[in-house]
Structures are given as structure tokens and as C-alpha cells.
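Participant: Sequential numbering from 82 applies to the sequence shown in our numbering.
A portion of the hints provided could be inaccurate.
What the hints assert, rightly or not - Simulated pairs of lysine-lysine, DSS-like, Cα-Cα distance not exceeding 30 Å:
(1) K655 to K600
(2) K627 to K666
(3) K666 to K722
Calculated directly from the structure, the hints in this document are not laboratory data.
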Amino acid sequence: MQEEQIDTDVVQIDEEEKSDRMESDIEETLLEPRFKYSRILNNVPGILRKDMATCMAVHDKFVAVGSRSGNVYIIDHFGSLHPESTARHHRCSVTKISIDPTGSYFVSCSQDARISVAGITSFEFAQIAARSVAIDPDFTKRGSGHMFVSGERNLLLHYRTFFGNYREKVVVYMIIIFETHTRRYYMKLSTLFYFRNANQLIALVQPTHEKQSTFAIKVRPSHCWINNKTLAIGWYDTISICVIIGSSNSQATDISFTLSDDKSCFWKEITVFGMKKAAVQNNECEMVLALLEPEDSSTFNLTTEDRIEMCTCDRGNLTLFHMSSVPHENVYFLLGCQEFIEAQPCSADDRVRWYLENDLLRDAMQYANEHKAQLEHLDPVDIGRRYLNSLTKQKRFAEAAANLKAVCGRQKDLWEYYVNEFERNNVVLQLAKYLPVRDPQLEPECYQCVLIAALHNHPVLFYNLVKVWNPDLFRVGAITDMAMKRIVHENVNPLSENDAVAIYRSLSRLYLYERKYDKALMLYIMLNDKTVFQVIEKYHLFDLVKNDLTKLMAIDTNLTIRLLIENAGSLPTKTILTQLAIYPKLQLAYLNTLFERNEGEEFIDFAIGLYAENEPQLLLPFLRKTAIYDIAKAIDICEKKQYINEMVYLLGRSGNRMKALDLLVNKLGRIDSAIDFCRENDDSDLWNSLVDAAVKRPDHIMELLNTAGKYVNPLNIIEKIPEQMNIPGLRNLLVTILRDYELLVQMQRGSLQVTEADSNQLFAKYLSNRKCSTFIGFEQHCIVCRITVLLEREESADCRHANCDIIVYDCGHSAHIRCTYIPHSDGQTVMESRCPMCYGLHLYGKR
82 MQEEQIDTDV VQIDEEEKSD RMESDIEETL LEPRFKYSRI LNNVPGILRK
132 DMATCMAVHD KFVAVGSRSG NVYIIDHFGS LHPESTARHH RCSVTKISID
182 PTGSYFVSCS QDARISVAGI TSFEFAQIAA RSVAIDPDFT KRGSGHMFVS
232 GERNLLLHYR TFFGNYREKV VVYMIIIFET HTRRYYMKLS TLFYFRNANQ
282 LIALVQPTHE KQSTFAIKVR PSHCWINNKT LAIGWYDTIS ICVIIGSSNS
332 QATDISFTLS DDKSCFWKEI TVFGMKKAAV QNNECEMVLA LLEPEDSSTF
382 NLTTEDRIEM CTCDRGNLTL FHMSSVPHEN VYFLLGCQEF IEAQPCSADD
432 RVRWYLENDL LRDAMQYANE HKAQLEHLDP VDIGRRYLNS LTKQKRFAEA
482 AANLKAVCGR QKDLWEYYVN EFERNNVVLQ LAKYLPVRDP QLEPECYQCV
532 LIAALHNHPV LFYNLVKVWN PDLFRVGAIT DMAMKRIVHE NVNPLSENDA
582 VAIYRSLSRL YLYERKYDKA LMLYIMLNDK TVFQVIEKYH LFDLVKNDLT
632 KLMAIDTNLT IRLLIENAGS LPTKTILTQL AIYPKLQLAY LNTLFERNEG
682 EEFIDFAIGL YAENEPQLLL PFLRKTAIYD IAKAIDICEK KQYINEMVYL
732 LGRSGNRMKA LDLLVNKLGR IDSAIDFCRE NDDSDLWNSL VDAAVKRPDH
782 IMELLNTAGK YVNPLNIIEK IPEQMNIPGL RNLLVTILRD YELLVQMQRG
832 SLQVTEADSN QLFAKYLSNR KCSTFIGFEQ HCIVCRITVL LEREESADCR
882 HANCDIIVYD CGHSAHIRCT YIPHSDGQTV MESRCPMCYG LHLYGKR
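Construct the complete structure from the given sequences, taking the supplied hints into account.
Facilitator: Following this line, the structure appears as C-alpha cells:
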């Protein structure tokens, strides 16, 4: 196909306009073209130079172009003329052409009052005045009537009769397009729908544009069937969408229709060939192709708008332009008086080229990466490199680094090239978080240049990179030497505290990579970094720090103790306690951990001394929790420290309870604790000693009477009170004691009465059950031998239980006396008095 490419200019449109139509700022937006245009050449330019085109019709196989001289040219989609099917069918300008779906026939009309129904090789004429014509889609089918429709002042339906002649029927008025059984045509004021089967008008569509405009009067509507029931009407500068639906409320016997505004049905793209108002300067006119996308039923969004250079594109010829398409092939045809242009949707290569031509490099790169499979002539990598080069020229290195992955992908050479570029511009740190560490893995120099730059400019980033990156990515020894030099030359270029700590941490990790564990541990301990415990555990380095336990304790006590416990076999407990001699609390923490693991019993006495010296408030709980220790030593320690409560507990455990009671009463003066002590031991001698000691003080007497009345007879306490002692509140207390005693006696009597009543009731029930008779029938069986207890005369003669006594138990079970005998080892049998079934006895009876 010979085509001449057409340059299209992009129109900048207003994006925002105030509702009050006041003057506002105009924001210009660059619209992306959606089509590429090419003039159809071959025979077309020669034809249009001699004869101006007036109309066209497009079929899948060919294009029919009507001219001003009355010729109908049959041209293929490449512009080649088919002279065998081309002829002058009219004497004047052809106004309308309609092709049947099979491409076998077409109908044309012109201003010479003639309609031509022609096949590809035959012609047929009819003297009918018509400006518009449409052919039946079933024109070629047998029995269809070979119908077509014409319109001038009247709308006429033409159909072939039985004898081969055409007859016509007046319907209504002007332009028509066939769509199954429905005809559509228009008058100056409206578009009408006619249903052929019912022979009636079904709808009228009023135009929505300004009817008084000069161009509105001249222009004709353009119609496009979206499907069998949906029609798009483009008229002047408006678009109407019509949907034909069946009427459910019709009272007629035939089918009726109505027009529906279906707002839920939106089309992604609707292409309408029409006009727009534009400011004209110097009497110049331009051809504009616009692509509109509907937002709702009344507003549209301008997707693209292209200026097209076409001959005879002036104000007088605006109504002579035509557009048609082959939708399923995405091919559109634009016809002017002397121009025939083909429009096709832009390919992926075209869209990328447009982005590049308009310096939209980022959009070009993104689109190319998303549509790699659709690109035929362009390479996404080249486009990405062009975008990155543009960013580096503009010193937008951060943005360039962020897009490296999208451009370089897995291409190692390309990554290394840009690393060198960033290093050359002294911005290599921008690559720190974007460099790939695998797939692909770059050369060590690429990672080292980033690490060296971070070491001198951003030590914290240097530490993070050393921690995250695998040591196989770079040469560890070289980076370690650089870090050491940075520390040594700190005086030349001073470091902040945070930067120095970051470099030391980096060095410790680098030493681990080099397996110089002693240096790494030394740095971790110097920095008081808890990571040292993870390193010791991971690499089993306890032997390297067993002499630095105090330093580890200073970092974290709990972790150090856990480390010691896990490595108990590596260092004796005594040695550990010796190293921690100046830290008694740390010794206690270590020993407690041992005790929780049921270890270190030989150090319990040592722990008691540590508790007495450093944690006296925890000594008593420890003594109560621990059972294995030397009580005498513990008493001696507590006696030296005058820990009375601990001494009382220890004396109680040692059996010297009298001395413990004496300490509670005389040393501490805690009569309540003494009462609790006596209650725990429950010894009458202790209670007597407590009473003897308590009668010396009135408050002790009152406390004892009030609390210990359940354990000691109050009369014994009262008898031992000295006669001359004045005890405030004693009488009231005695009254309370007597009342409590009286209530206790009453409660005991009531309980006794209830118990007696329950016993009497149960006994009565038992007696009544014993008095009940037990029925024994012929069907009742012996619970041992399972033979009926009572035998009839016929059976008794042959049965071994004939004339056998029967025993009936209280539970209602019955058995033969012979079946209840239990054999003994001496050969004798004894009758069992208990029910064998209820007690689960296995009896075999007396045979």
C-alpha cells in the first residue's frame, strides 16, 4: 500500500472553566494522539484531482466513493481502482451510497432523480428522485423482496413484486439507515424511527443543538448503530445516544417501542465526525479530528484532538467531509472533496515515539516497559537510557537512581556503567539503597566505591551497609583498612560521637567477617554493645571472654548470667564467684539462677550470707523457699544481724520453739505473730507458755482472748489473770465471748436436731422398703443359673432344681438356694448371704 504520512499537530485545550463564564487562567495540557494518519495513494489522487468526492460507503472488502460527476468508484482499502466495477451511475453529484453486508450489491442516489441498484458486474436504474438511500441487509437473500429505502421529500420503501417489478410505498421523509427491521431518517427538526413490520412510527428524536445557527441548518446528521438496538446520532456539535426497547404497557396487538435514555450504558470511545466552533484568523480554516469519551449523559471528556491538513478545507466545504470505518479492523476513513485519508490507532511504537518527540521521557520509559511485547522497532532499554541520561544532565541524580532498576533490570554491564557515571559525578551514595546484591551481582569495586563514600561522608549509612550487605560482595580486608585509617586520622577530619560509634561497630562486624573474633569482641565490649552476647553464642566464643565477666556484667547482667549458665562446664562456679567478688549482687543473681536450675546446692550457705549483707528483705523468703542449708549457721548469721523474724523462723524449724515464742513476745512484742506461730505448730505447751507470757500485759490478754478463744479455753486465761491487774474492756469482751459461746452451743444443738431428723427419716424409709413384698412369677429367673425360679409340673420332673428352696434378697433379686453356695478349698460349701448380682459375685451353685 502506498501511503504518505501526515504530520498532525497537537491542540492545547482549556482544562478548566469557571461556571460563571468569567475570564480565568487557562492551563494547557498536552494531549496524546490516538491515531496515525496516512493518505491513501495509488489511483486515489488521480481520481480526486479530476473528480471531487461527495460521499462514500465502506465495506470489509472495498470502499465505494461517489463523485460530483455521478461516478461511483470501487476502490480497495489500498487505494487501487477496480475499473470493472466502476461506472457513471448518475448525471449529477452522488449524495448517498449504501452497500449490503455481503458486498454483492450497493445502492446509490443523486440529485438527478435516479437511484441505482447495482451489483459488482451489473447495473439497474430507476427514475426516482432521492437524496438519501439505504439497502436492506438481506438484499441478496432469496425471498427477501430485494428492498431498499430512498428519501427526498418523502421516505419511500421499494420492494420487488412477484413479477420482478419494483413497487414503492410512502413512509415519511429524508435520510435513512437500514438496521434489521427498523428504518431511521431525519427531517430538519428531528430524527424519526419507523418500524417496518408494524408499518408505524415508533419514536421522534429532537436535536439538542442550536437550530438557528447557519451551519446547523446546512449540516446533516451522522448516524452510527452501536448494536441492533442502540444508535448514536451526531448532529452539528452534539451527540445523542438512543436505545430502542420493547414497551410492556402496550395495548396493541403488534410490537411497540419507546426510546430510552440508558445512563448506565457508557461506551469507552465514540468517534463522531463533525464540527466545532473555533476562532478563525486571516480567513484560515483547519480540519480537526476529536476523540471524545463520555463522562455522563450530557458531558464528555476530550481524549485527543488532531489537526489534519486537507485540501479544500474551507468554511464552505465543512459539510462535505465524511467519515466511515471498519470497526473490527480498527481502520477509519476520512473523505474530503479531494482527500482520502486512512486513520489507524497508534501502535505501541507510535505512542513511545510521540512521548519521545514531546520530551515525555519518563512516560515513554514506563509505557515501553509495560508493553515490551508490543514493541516492534524500539528497545525499552534504549529509551530508559535516554531518560536516565536526561536526568543526569539535569543533575537529578536521586530520581535517576530510583529508576535504575526499571532500566537496567538484570543487565550487569549497564548497572556497572551507571555506577561509574554516578561516581564520576560524586553522587555514588544515591545508589546505596538501589544497588542489586544478586541477580545480577556486580563487581566488588561497585560496592566498595559506595562503602568508601559512605565511610567518609555518612558513617551511619556505612555501618548499615556493612551490616546488610553480604561480605562476598566486596573485599572485606580493603574496607577494614580504610575504616582503620578513618579512625586514625580522626584529628585531621574530626568525627562526631555518633559517627565514631558507627565506624567502630562497622569495624567489629568487619572483624567478624575476617574471623578475627578477639578484636571484634574487644570492640563490642568497649562499646557496651549487647550484640556481643549474640556473637559469643553464635560463634561459641565463651573461652575468649571468660576472664572479662565483670565487663559483660556491666553491659547486661541477665544476659551475662544466662551465658554463664549455658557455659557452666567451661568455668567452675567458684571461679566465677571469685571474679564477681566485688559485685555481691551479681553473685546473688548468678546463684539464684543456679538454684532455679537445681544446681549449686553447696553455695546455699554462701548465698544466705550474701542475702543478709546485701538483700535483707529477701532473706526470709529465701529461707522459706530453700530447705537445704545449715540452720545453725543461718541462726548465727541472723543473730549477729539481729534479724528477729528470720531467727524466729529458723528456731521454729530447728525445734527450739519456746525460744522463738519468747523472741516474738518479749523481743518484738508481737502477740499476734506469737498467736499465729502457736497456731501453725498446734502444741499445747506452746499455748500454755503463750498464756503465761500474755497475762503480764493487759493488751496481750485482750488480744489473746479475742483471737485465740478457739484454741485455748478462756477460763484458763481468766484464772491466770492477776487479781490487782486493771484490764480495760474486759467485761465487754467476756460478754462477747459468752454470747459467742452461747451461739455456738445453739448452733451445735440445731445441727444435732437436723442430723437426728435426717437419720430418722432415712431409717423410716429403710423400714418401709423392707416391709414391701416381692412378687415371684413363673417368668422370673435365677440370677445365677438363669433358670426359672418356679417350675411347672411338666418341667419339675426333669430339672435338678425341682423341690429346691428359693432365696429372695432385699433388692428384689431371687435365686435358688443351691446356686448361692460358695465352694471352699477344704471341699465344703458355704451359702452366700449377699446378692450375687448387686455385689458382682461369681457363683456356680451346689451341683
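Participant: To test your reading of the hints: which numbers does this structure violate?
Facilitator: No numbers; nothing is violated.
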